[in-house]
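**Student:** Sequence:
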Amino acid sequence: AYQLTRSGNAEVLTEWLILTLGNGYEPAFASMEAFVTRMGRAKFLVPLYRKLCETPDGCARAMELYERAKPLYHPISVAAVDRVFEAARSADE
Numbered sequence: 088a089y090q091l092t093r094s095g096n097a098e099v100l101t102e103w104l105i106l107t108l109g110n111g112y113e114p115a116f117a118s119m120e121a122f123v124t125r126m127g128r129a130k131f132l133v134p135l136y137r138k139l140c141e142t143p144d145g146c147a148r149a150m151e152l153y154e155r156a157k158p159l160y161h162p163i164s165v166a167a168v169d170r171v172f173e174a175a176r177s178a179d180e
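Adding 87 to a residue's 1-based position in the sequence shown gives its number in our numbering.
Heads up, a few of these hints could be off.
To be verified - The list that follows gives simulated cross-link-like pairs (lysine to any residue, SDA-like), each with its CA atoms no further than 20 Å apart:
1) 138 - 110
2) 130 - 159
3) 130 - 141
4) 138 - 169
5) 130 - 114
6) 138 - 118
7) 157 - 137
8) 138 - 173
9) 157 - 175
10) 157 - 117
11) 138 - 125
What the hints contain is simulated information worked out from the structure, not anything from laboratory work.
Between the sequences and the hints, there should be enough to build the whole structure, so can you do that?
**Tutor:** In structure tokens form, the structure reads like this:
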């Protein structure tokens with residue numbers, strides 16, 4: 088097995104987590120949670136939060152996670168992730 092959920096390569100891990108989130112692979116959520124609380128680059132955060140926000144339940148989980156991780160992020164990353172949530176809210180209306 089490739090152990091992609093434990094990859095130390097942020098590019099690989101981000102793509103893997105996007106796939107797992109899209110397929111409801113719950114065991115990868117803990118890895119994603121750990122990743123977004125230690126990685127502050129919008130390049131990696133935005134696609135993950137966007138994928139989570141494709142469903143109402145996922146968006147609620149993403150918002151919960153974001154509230155905990157937000158103080159760790161650079162202001163540019165905060166603004167980028169905020170736009171993800173704004174777009175999700177607009178899509179729901």
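**Student:** Now, for every hint given, state plainly whether the structure supports it.
**Tutor:** How the hints compare with the structure:
1. 138 - 110: Measuring from Cα to Cα gives roughly 10 Å; hence the hint holds.
2. 130 - 159: holds, 15 Å
3. 130 - 141: holds, 18 Å
4. 138 - 169: holds, 14 Å
5. 130 - 114: violated, 23 Å
6. 138 - 118: Cα-Cα ~15 Å, so holds.
7. 157 - 137: Cα-Cα ~15 Å, so holds.
8. 138 - 173: holds, 14 Å
9. 157 - 175: holds, 18 Å
10. 157 - 117: Roughly 17 Å separates the two Cα atoms, so the pair holds.
11. 138 - 125: Answer holds: residue 138 to residue 125 is near 19 Å, not above 20 Å.
The structure fails hint 5 only (numbered hints given earlier).
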